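S.K.: Sequence:
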Amino acid sequence: MDTINYYSSDTTISGLLFSNYTSEEIRRLSVKELTSSLAIDRLGAPVPGGPYDLTLGPFDKNDRCFTCGQGFVACPGHLGHISLVLPVYNPVFFRNLVNVLRGCCLHCHIIQCSNAEKYLFSMQMLYLKHGQTDEIDNLQSIYKTWILERKSLDTFYEQINEHMKLNPPSSTKVESTTENLLAIRQQLIKDFEARAFKTKKKFCPNCNTPVRRAGRRIWSFFFSKVLPFNDQKFENPKTVRYSSIIQDNQLIKELLLLKDKQTTDASTSNT
Numbered sequence: 046m047d048t049i050n051y052y053s054s055d056t057t058i059s060g061l062l063f064s065n066y067t068s069e070e071i072r073r074l075s076v077k078e079l080t081s082s083l084a085i086d087r088l089g090a091p092v093p094g095g096p097y098d099l100t101l102g103p104f105d106k107n108d109r110c111f112t113c114g115q116g117f118v119a120c121p122g123h124l125g126h127i128s129l130v131l132p133v134y135n136p137v138f139f140r141n142l143v144n145v146l147r148g149c150c151l152h153c154h155i156i157q158c159s160n161a162e163k164y165l166f167s168m169q170m171l172y173l174k175h176g177q178t179d180e181i182d183n184l185q186s187i188y189k190t191w192i193l194e195r196k197s198l199d200t201f202y203e204q205i206n207e208h209m210k211l212n213p214p215s216s217t218k219v220e221s222t223t224e225n226l227l228a229i230r231q232q233l234i235k236d237f238e239a240r241a242f243k244t245k246k247k248f249c250p251n252c253n254t255p256v257r258r259a260g261r262r263i264w265s266f267f268f269s270k271v272l273p274f275n276d277q278k279f280e281n282p283k284t285v286r287y288s289s290i291i292q293d294n295q296l297i298k299e300l301l302l303l304k305d306k307q308t309t310d311a312s313t314s315n316t
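Using my numbering, read the sequence shown as starting at 46 and increasing by one per residue.
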């Protein structure tokens, strides 16, 4: 059952951090797995295992929640989850997905930037987790000096590791919720994406294979399968946009009937 945390009246918010639940967290918060794509049956009652399952909360003012036993007003609502058969991408991060695909070699599947840049970025993010922003600039200075001196990659690793031995990450972690830390984090990611994803390279620095570009238009389409539904499933006014759905389904039905008629006429003419 969900719990409510109470805070004193003088409590203030120092920062916010938005993130996504992991698969483990989703299953831990979920009270039931949703296995049915139908919301309500022909009689207007919620289908068990569907999005209106009473385990998630009351469907009507006279219903009782199967999880907490509260009524329509008192029940806070509960989370369910859907087990996906195939991997899917979150459309919110679609642009990030395109950038990653553009920045990765389609042959060796490795980000198209040098090992030094990847190592620098990972160590800078490690310092950021512990709130040591000054060390981030120090690592950047080491990287710029190494570029100018044109020394070997092993030398760069040694310089970074030696600096981190002398200035180890703090034992306490700091959440990146303050404005300054968030700005630094976003700038680090932006700089890394500029080096790894936006720099045009003719050959992959890892496998030396000619780079194949992924065009933006290829990844800008969403495909969905449209199926005709029975109008009675949407007669309940509680369903969202049920009237427009009925109109769309009616159009689909007319198109299917027209297609069947054309097929019948064609077969008749052939005979």
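Mixed in with the good hints, there may be bad ones.
[Stated by the list, open to error] Dumping the calculated BS3-like pairs for lysine-lysine here, alpha-carbon to alpha-carbon at most 27 Å:
| no. | residue 1 | residue 2 |
| --- | --- | --- |
| 1 | Lys247 | Lys189 |
| 2 | Lys235 | Lys247 |
| 3 | Lys163 | Lys189 |
| 4 | Lys174 | Lys247 |
| 5 | Lys247 | Lys163 |
| 6 | Lys245 | Lys196 |
| 7 | Lys245 | Lys210 |
| 8 | Lys106 | Lys77 |
| 9 | Lys163 | Lys246 |
| 10 | Lys245 | Lys235 |
| 11 | Lys247 | Lys196 |
| 12 | Lys163 | Lys245 |
| 13 | Lys189 | Lys245 |
| 14 | Lys210 | Lys189 |
| 15 | Lys174 | Lys189 |
| 16 | Lys210 | Lys196 |
| 17 | Lys246 | Lys174 |
Keep in mind the hints are simulated off the structure, nothing from the lab. Remember, predicted model here, so these are calculated numbers, not experimental data.
S.K.: For every hint, state whether the structure bears it out.
M.R.: Do the hints match the structure? See the list:
{"no.": "1", "hint": "Lys247 with Lys189", "result": "24 Å, holds"}
{"no.": "2", "hint": "Lys235 with Lys247", "result": "22 Å, holds"}
{"no.": "3", "hint": "Lys163 with Lys189", "result": "14 Å, holds"}
{"no.": "4", "hint": "Lys174 with Lys247", "result": "35 Å, violated"}
{"no.": "5", "hint": "Lys247 with Lys163", "result": "19 Å, holds"}
{"no.": "6", "hint": "Lys245 with Lys196", "result": "24 Å, holds"}
{"no.": "7", "hint": "Lys245 with Lys210", "result": "35 Å, violated"}
{"no.": "8", "hint": "Lys106 with Lys77", "result": "21 Å, holds"}
{"no.": "9", "hint": "Lys163 with Lys246", "result": "16 Å, holds"}
{"no.": "10", "hint": "Lys245 with Lys235", "result": "16 Å, holds"}
{"no.": "11", "hint": "Lys247 with Lys196", "result": "24 Å, holds"}
{"no.": "12", "hint": "Lys163 with Lys245", "result": "17 Å, holds"}
{"no.": "13", "hint": "Lys189 with Lys245", "result": "21 Å, holds"}
{"no.": "14", "hint": "Lys210 with Lys189", "result": "20 Å, holds"}
{"no.": "15", "hint": "Lys174 with Lys189", "result": "23 Å, holds"}
{"no.": "16", "hint": "Lys210 with Lys196", "result": "21 Å, holds"}
{"no.": "17", "hint": "Lys246 with Lys174", "result": "31 Å, violated"}
Hint check: violations occur at hints 4, 7 and 17; the rest are consistent with the structure.
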